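The listed protein sequences correspond, in order, to chains Z, F and E.
Mapping of the first sequence onto the numbering used here: residues 18 to 131, in sequence order.
Mapping of the second sequence onto the numbering used here: residues 785 to 1039, in sequence order.
Mapping of the third sequence onto the numbering used here: residues 3 to 86, in sequence order.
No lab work stands behind these hints, which were simulated from the structure alone.
Being a predicted model, the structure only gives us computed values, none of them experimental.
Just so you know, not all the hints are guaranteed correct.
Straight-line C-alpha distance at most 20 angstroms; calculated EDC-like pairs for lysine to aspartate or glutamate [said to hold, decoys possible]:
(1) E:Lys4 - F:Glu819
(2) F:Lys883 - F:Asp946
(3) F:Lys996 - Z:Glu128
(4) Z:Lys117 - Z:Glu128
Partner residues aside, some chain E positions facing chain Z, computed with beta carbon under 8 angstroms [what the hints assert, rightly or not]:
(5) Ala6
(6) Gly9
(7) Val14
(8) Ala19
(9) Arg25
(10) Ile34
(11) Leu44
(12) Phe45
All residues carry an ideal CB built from backbone N, CA and C; glycine is no exception.
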Amino acid sequence: MLRLLPWLAAAWLMAIGIYGMVTSRHYVHLIGCLSVVQSGTYVLLLAIGFVWHAGPPIFYDHPPGTPAVDPVMQALVLTDVVVGAAVSALLLALALQLHKRRNTLDPEELEPLP
Amino acid sequence: MKYGLALRYALCILALIVLAPAAVLVALHMPAFGEQLPAYGTTVNAHVPYMRQATNVVTAIIFDVRGVDTLGEEFIFVAAITGLAVLLRGGRGEDASRKPIHVDGRWLPTRSEAVALLIRWMLPATVAFSIYVMAHGQLTPGGGFQAGAMLASALLLLFLGDGYRSWRQVTPPVVMQALEALGAAGCVCVGLLPLALGAGFLENVLPQGQSKSLTGGGLIPLFNVAVGMAITGGFANALVEFLEETREPEEEGQR
Amino acid sequence: MKFAVAGCLILVMISGALVAFTRRPARQVLMISVHGLFLSMLFLMLQAPDVAYSEIAVGTALVPVMFLTVLAAIRGGGRRNLPR
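With the sequences and hints as input, model every part of the structure.
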C-alpha cells in the first residue's frame, strides 16, 4: 500500500483541486483550489526523489558519502513554491479588478462562455 | 441548482470517474516509492560538495549547477509582480487615506496591547533569523528564496502589530521597488561577471574558499543575496498594492 | 518512520479535500493555511528541510494574508456570493 500512496495522493490532490475549480461559485475560492492542484505536483516531485533510511542532502555534520535523498527534485520544488505564490497574487489582483468592474465574482452570473 | 451548474457538476464527476482507473494504472507502473536510488542525484551528492565547497547541495544546485533555471524563475516572479502592480494601478500614495474601508455593520476592533507587545518582540527576532538563513545558504538549510519570503512576512508582522500608518513609514513603495529591481539586476550582473573573466555565463569562476565558511562557494553567496533582495522587494510590493486597496478612497470617483 | 510518512500523506489528502469543499472564501483562507502547515510537515518527513522552510513562510503566512486583503477589499468576504 505504501508503494502506491504518494502517487495516489498526488493524483487525489490534483483531481479534488480540479473538481473544486470546475464547480466553484466564487473566483477567490477557485484560486484557492488552484493552489491545491499545485501542491499535488510538489508531492509528486518530492516523492519521486525520496529514498528510505536516507537523510537530507545537507552534508554539514556528516561527510558526503552518507545516503541522502535526491537534491535535484528539491531544487525544482523550492523555486516552484515561491513563484506559485506570486502567480496566485497576480490572479487575486485580476479577481479584484473584475469585482470592481462587474460587482460580482460568481461565474454563473458573469457567464464567461455563454 | 440552475441548469448550467448541474451540467458542470455532472461533466466533472463523469470525467473524474473515467480518469480514475488511468491514475491507478499509472500509480501501479511507477517505480516503488523510496526503493530506487536516483542516478543523477547520487552523482551530484558525491561530487558537488568537493567541487564547490558548499555543504548544502540543494542551494548549490539552485544557484550553480542549474543556475539558468533559477534566473528564469526569478524573472517569472518579477513579471508576476509587475503584472500585479499594473493591474492595481491608481489609488496610491496621497490619494488613499489611512482609514480602512467602511462597511455597514462591520465592527472594527481596536488593536490589542498584547498583540502589539508580542510583535515588537518577535519582529527583530524574525528579521535577524531571516538574515541568518540568507547568509548561511550554502552551509545549512536556507538560501535566498526562503529568506526573502521570511523577511516579507516579517514586514507583514509590522503591519499586524503597529497598524497601517507605521507600516507605510517603514516600507515606502519606492524603496521596495528599488530593492526588487536591484535584486533582479543583481542576478543578471552575477551572471555576466564570469563573461568578463573569460568563462561562460553563470559559471562559478570566483575562488571557492573553504568548506563550511560563509564565503565558500564562489558565486553562490552573491547570487543568494541578489535573489533574496528581489524576493523580499517583490512580496513587499505585492503586500503594499493589496493593502492600499483596503483603504478608504478620499474622493468618490477614486474606485 | 513509514507510519509518519503515510500519516502525513493522508493528512495532506484530507486537508486538500477540505480546501476544495469549503465554499465560503473567508473560511477557505484558514483551510489554505492549515493545508500549507500539513504540506510542510510532509516535506520535513520526506527529508526536504529547504522546501519545508519555503512552504511554511509562503503557504502559512503570505498567501492567506493576500487572500484576506483581497476579500477585505471586495467588502465583506463574499457574503453576497454564497452558493445555494
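Here is how each hint holds up against the structure:
1. Using a Cα cut-off of 20 angstroms, the hinted pair Lys4 of chain E and Glu819 of chain F holds, with the two alpha carbons roughly 13 angstroms apart.
2. Among the hinted pairs, Lys883 of chain F with Asp946 of chain F is consistent with the structure: their alpha-carbon atoms are about 14 angstroms apart, no more than 20 angstroms.
3. Note on Lys996 of chain F and Glu128 of chain Z: the hinted pairing is violated, with a Cα-Cα distance of about 59 angstroms set against a maximum of 20 angstroms.
4. Using a Cα cut-off of 20 angstroms, the hinted pair Lys117 of chain Z and Glu128 of chain Z holds, with the two alpha carbons roughly 16 angstroms apart.
5. With 8 angstroms as the threshold, the beta carbon of Ala6 of chain E stays out of range of chain Z, its nearest partner Cβ sitting at about 11 angstroms, so the hint is violated.
6. Because the beta carbon of Gly9 of chain E sits about 10 angstroms from the nearest beta carbon in chain Z, more than 8 angstroms, this interface hint is broken.
7. At about 6 angstroms, the closest approach between the beta carbon of Val14 of chain E and any beta carbon in chain Z falls short of 8 angstroms, and the interface hint on this residue holds.
8. Interface hint at Ala19 of chain E: satisfied, since its Cβ lies 5 angstroms from the closest Cβ of chain Z, which is below the 8 angstroms cut-off.
9. For Arg25 of chain E, the suggested interface contact is upheld, since its CB lies about 6 angstroms from the closest CB of chain Z, less than 8 angstroms.
10. The interface hint given for Ile34 of chain E holds, since its Cβ lies 5 angstroms from the closest Cβ of chain Z, which is under the 8 angstroms cut-off.
11. At its closest, the beta carbon of Leu44 of chain E sits 7 angstroms from a beta carbon of chain Z; the interface hint therefore holds under the 8 angstroms criterion.
12. At its closest, the beta carbon of Phe45 of chain E sits 6 angstroms from a beta carbon of chain Z; the interface hint therefore holds under the 8 angstroms criterion.
When the structure is compared with the earlier hints, violations turn up for hints 3, 5 and 6 and for no others.
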